Every structure is written in structure tokens, then in C-alpha cells.
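Residue numbers (the working numbering), protein chains in the order written: chain P, 92 to 431; chain B, 154 to 591.
It should be emphasised that the hints constitute simulated quantities derived from the structure, not laboratory data.
Bear in mind the structure is a predicted one, so any value in this text is a computation, not a measurement.
Glycine is no exception: its CB is placed at the ideal position from the N, C-alpha and C atoms.
All clues given are correct.
Computed beta-carbon distance windows for the label pairs:
#	chain 1	residue 1	chain 2	residue 2	range
1	B	Gly204	P	Ser294	50 to 58 angstroms
2	B	Pro224	P	Pro142	53 to 61 angstroms
3	B	Glu287	P	Asp379	52 to 60 angstroms
4	P	Asp225	B	Gly341	31 to 39 angstroms
5	P	Asp174	B	Gln442	50 to 58 angstroms
6	P	Ser190	B	Thr257	36 to 44 angstroms
Here are a few chain P residues that face chain B, going by a calculated C-beta distance under 7 angstroms:
#	residue
7	Ser213
8	Gly214
9	Val215
10	Gln217
11	Gln218
12	Gly235
13	Tyr236
14	His237
15	Pro298
16	Met299
17	Gln300
18	Ile301
Covered by chain P, according to a simulated footprint, are these stretches of chain B (three or more residues, beta-carbon under 8 angstroms):
#	region
19	342 to 351
20	423 to 429
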Amino acid sequence: MASHPPLPGSGVWNRRHVIDSASLTLDEVEEVLRTAKSFSHILSRPVKKIPTLRGKVVVNMFYENSTRTRTSFELAAQYLSADAINFSVSTSSVKKGESLIDTAETLAAMGTDAVVIRHASSGVCQQLVNYFGDRICVLNAGDGYHDHPTQGLLDLFSLKERLDDISGKKIVIVGDILHSRVARSNIHLLKLFGANVHLVAPSTLLPMQIEALGCTAHTNIEEALQDADVVMCLRMQMERQRAGLIPAMREYIRFYSITHERLQKFCKPDVLVMHPGPMNRGVEIASDVADNKEISLITNQVTSGVAIRMALLYLCLSTPAERSGLERFQADLNERMAAV
Amino acid sequence: MKTLLKGGRVINPATNLDAVMDVLIEDNLVSAIETNIPAERADDVIDLTSGHWVVPGLVDVHVHFRDPGNPDKETTLTGAAAAVAGGFTTVCVMPNTSPVIDSTPMVQYLFNAALPTGIQIFPIAAVTRGLEGEEMTPIGTLLQNGAVGFSDDGRPVASANMMRKALEYSKMFDVPIVCHAEDCTLCGNGVMHEGYYSTLLGLPGIPSVAESVMVARDIELARFTGGRVHFAHISSKESVALIRKAKAEGLDITAETTPHYLALTDACCQGYDPDFKMNGPLRAESDRQALIAAIEDGTIDVIATDHAPHTPDEKSMAFDCAPNGVVGLETSLGVMLTHFYHSGRLQPLDIIRLMSSRPAEIFKLKASGNLGVGQRADVTVIDPELAWTVEPAQFKSKSRNTPFNGQTLKGKAVYTFANGRCLFQQAEAPGKALASKV
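So that you can see chain P by itself, here it is in the shape it has in the complex (with noise of 0.2 angstroms):
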């Protein structure tokens, strides 16, 4: 108990929401992860609940298909007491064509505190929040190809669990950069810790100017890969090779996929291996290097989400002021310990 660190305080953040992942400063970022470090002793416990957010009602609005972002949202949610209530397309009244703003506005009116939003357009999160201001709190769980916070945010969580320090690491992005959400996400929050960040894809998947955020961009997996200490797979999707932009999977696996047998040419001797999932093995990594707990930290940011989630609810559903009086908080974080 008396190596349980420290509860964040009142500390630099001030946000109500988290849309994206370059308006981020360090500070901010360093006290999520704080943040997300004290909440994810939690999840290892019997008992997996605590009442910071007793009496807040977190609505996920989901507008794509998405299990695991969707559950990692709910459980953060629950696991801190708050109510977590799942809206999605096929039971909403989307399909009715109402939009947005209004289903929003609708949520907000029913005493919504927090809205966790997933969408394919780009800028949504933005949009609500220059509708609502601090009316309501938005959390982006990912719009169209624009960015992933809470993913680029648990990416960052688990490696620095392993590495600690990531400044100078170099951390290759494989894959379809274009459409990639996690990958913008990831640019611009390892950027920010230093990190050497290169992408490899096929040119027809490398976005314009993508070099501009601060990256090294290859076409070429061997020269990608040299000395390489983290390797981050992205979801490779068959509708590429219907748009034209690969010619074949086949193709796309014979250049990009990740092997063993490429790890070990090229990269690191400690290399770790990284996927947002879900994956599609044999596809953008194979199963051999998925399933090797020696290298694979995929489970990891798994749990690391929840946590990572749970810090952002917990952060932006409370004030500064509320979070410097913490005393009560760890008075009741002490007594559940005490009890397990």
C-alpha cells in the first residue's frame, strides 16, 4: 500500500474534453498517465470499483462498429461508479435522420454528463464542442481518420511501462497510415516524448506531406525496420485492394506483413511489438510474433485502456478544486485496499 503512488492533484489539466491528441501538451499528457498508473492498480484487484464518479452518466455514442473501445469506455466507466448507458446506430434514432447535434442536444437534456463519441467523419468531436461548449464533456473515441486519443494515449501508457523513457526510440508505424486514426494519434503523442517516430507503407497509403507532422516516412520495410525498438502494426483492410490502392493482399502481406523472420533480420534484439486491434493475423503481423509474450505487448494495451480511460473520464468529469481535495478520495481508495 505504501508503494501506491501518489493521486494526481489539481495539477495542469483543465480540459472538459478530449478530442484530439495534438492539442495535448506534456504536462497534460504526463498527468494522464500519472493518472491512469493509480487507476490501473484497480483493475487488478477483486474488487474493481471505486466511487469517484458515483451519480455521473457517461452515454457512449457509437456510430461505427466497435467492440473493444466500446467496452473499454463502459468498464472505465463502471469501474469508477459512474453510470455508463451504450447508444448506437442500429437502436438510435440516427437512422431517422436525426442528427447529430440534436441526438446530442437530446442526451445533454436528460442530464448526460459525458458523451463518449465514435463516428467515420472526421471532426465531429470539434463540431460538438464548438456547438456545446462546456455544456457537455465530449470524449473522442475515434472520428473518420483524424485521431484516436485514447488510443495513441493507451500506445503510449503501455510502452512506457516497458521502456520508461522513449526519447530517441525509434517507433516504426507499418501500414495503411492514410485511413489510420490511431496512427495521427500516435504521431503527434510520441513526438511529444521524444521518440524517433518512421512509417512504412505503400505509397498509395502514405498520406500528403505526412513527413510535415514530424515523422520519416518509407516505402521499403527493411530500411523502415534497421534498429528498430518498437514496431506498432496497423489494421489492414480489404476494401483498400477493392479502391485501388494495393493490387492484391497477397502483395501487400509479401512487402509489409510483420514476421519473425523480418524482426529478427532487421530490428532490435529486445524489440516490442504493438497492435490497436482487432488484427488480422497473417495479414499486417503474424500470429507467431502476436502470440510471443516476450515481444507482443498487444494484451497490455488492452488493460491499459481501460485505465487510460478511466483517467480521462475521471479528469474531465471533475474540477481542479475537487481533485486537490482528494484526501476523502484516498481515504476511500485505502479503505477498499484495506478490505481486499
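Starting from the known structure of chain P, fit chain B onto it as the hints suggest.
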């Protein structure tokens, strides 16, 4: 009814006139332009000696009034009200209405709709029936009924062969084909300029080459057929380079760009506000600079707004779902004066040429673009120093989708006379209200 515009700076590019003079409007005609017209000759005298400009009524050859078919966005009446508030007395409306302007009755419908507005509204009729790109419209007949140009604006003439035929056929009548330069296969599902900001924002991009590849094609078709091509709303530096070269080679082509391409860039899309979404898209700063240079060296002939009204509901959708287009009639002059006159880049004569005499010349609008004795009295009075803030709620247009919301502009039309009638007067205008006498 005689109105004397006293002591303003009279700027008429058609005669290269730029001098302080008096202008007498008598009924529907300009009856005198002289250095000292006695006040007794007029019923009303408007004192413009504090630096106002007196110019031929402005001409916008590229607007969408959504009539017929979409009165929620705009009507001919509200569009015309927006026009005169912006200093325009002549506009050309694009044919992508519902139904499409592709037949004699539709052209006649537009002239009837225009009558009560008091301004000159000319149809640009469709090149192909229903804008389908397959069968040519009766270009000769539509021309005789008053159409002044032909375009499938909103979409390109995708078939090079159809464009060839249209150019060959329209050449007989010496009328321009207005080319909306876009290769839709290159645009794909793009919603903004493809470049740094589309990458940053994760929005699908529209590459510059989607425009320039079509500009290149139509330049070659103009060369081959000898037909007249007018390029609508040019947005990219590559297109500018192609047009400059083709003009140097002596081809009969003309081009327009819009105030928003000259004042704004793709960086404006950062807040995902669909009021910055149009097609072609706002492009990079290097494109904006190339367009400014093209204005200065005459590669671009015309400023047109591509005034494209959409309802607030439509424009409050997600960026990728919202319709393309912005309104422009009420901000065009202010943007041009702010960016080109007050910056010292262009002389007043050049700006008025771009916005009045040159477009009138290209589309052969005989009663527009020339402030001369005996001419129809389409006259705009401009206060070039008037600073004002763009407030969409104050627009005469039915729609509010401006990318200049909240910007402070310097320079505005303060009186707009159309056929001798004062159809617009700015509150800050000098002299007494004339509207009551209309």
C-alpha cells in the same frame, strides 16, 4: 427623376477613366459625366466629395440563386437583394437548378423571375440536357432566348468528345463554354484540398491535379476546335500556369477566380466548419499566392463569387457530409478592396475591371460594365474606407454560409443604382435616403 452624384472618383475601366467628376442619372440613363454639373439640374444631389468611388454596376458571372427548385436556400428575389447589397447590378445564374436550365421555357422562366428584381439576371444555360453529359442542349436557340453562356457547372463535362462537340458547335455563335474543371475520378470522396491540412485533419483530399488535368484537357480542346473556353472558379497554381501559357500562345480562353480563393487557404478548415467547404476547395498558401500573381498579371480575367447558398441545417452537418459552396455576393467587393486595394496590390481601375467591365465583355453583356453617357444607369457608389464586420445574420441572402463570418473588411458599396433606380443604400451612406422615391 434626376440624381446627381457630386464629386466622386469616377472609375470606368471600359474608357480608362479615373477622375473626380459628377455623374447625372436621369431616369434610367446616365445623362452626363462632367467635371462640374450644376446642382440645379438635379432633383437630388448626393455629395461624394469625401472620397467615394462611382463605378459601373458590378457584374458577377457565376452565381447560384437556386431558382427554380430550392427556395429554402435562395430565390431570385433574395439573391438579387444580396447582389445589390454587394454593389452588383448584373449576375449570371448557373443552370444546375431543379429542373435544369436546358430549354427555352426554362430560360424564359428565369427572365420572368428576374423582372421584379430590377437588376439584370442572365442565364448560363446547360451544355448538355439535364447536365447529364450526353446530349447537347439547343445552344443557338437558347442563345437567341437570352442565355449568355453554357455550362454544366457543378459537374464537369466528363466526356472529352462531348466537350469537343460543344466547343465546335458553340464556336458558330461565338459564345463561351464555362468549364467547371474537375476530374471526378481524381476527386474521389475528397472534401478538402489534398495537402498538409487534409493529412492533419484526416479528411479525404481533393488533389490540385483534379482541376489542372481538366484545365489542360480543355485548353487542348480549345486549341483544336478554336472554341471559346471560360474557366470557372480556378483554385490551383497548376491551373494558373497552364492558363498563363495558353494565353501566351494566343488561345481564346478566359478565366475567373473567387474572392475566397484569394483571401483564404485550406488552413481555415482546421475547425471543421463546413462554411469553409466548397468545390474546388480552399487550397494551399502557395496556390493563393499564385492566384494573386495571376490577378496582377492578367492571367485571371474575372472575379466571380460562385455564390452558392445552403441552409444552416445543411451546413451544420459533419464536414464530409455537408454540401459544397459558400455565399459571396455581399462580401466580394469588401474582400477585394481589403486584399487588393488597401494592400496597394491593384489600382481601383484594375479591381473594377475584374468585377465589372471585363466579365461584361467576355459574356457580351452590352448594357453592363460601362459607365458612359447614354448608357443604362447601372451605377455603384463605393466607400473604399468604410470598415465593417461581416455579420451573416444581416445578409439579404437567404443563406448564411459565408467563410468570412466575423471578419472586418474595408470598403463597401453604399449606393446601388440599377436602371436608374436606387435599390440599395447603406445606412452610413452620405446624402438623404432615396429608397422612398423609388
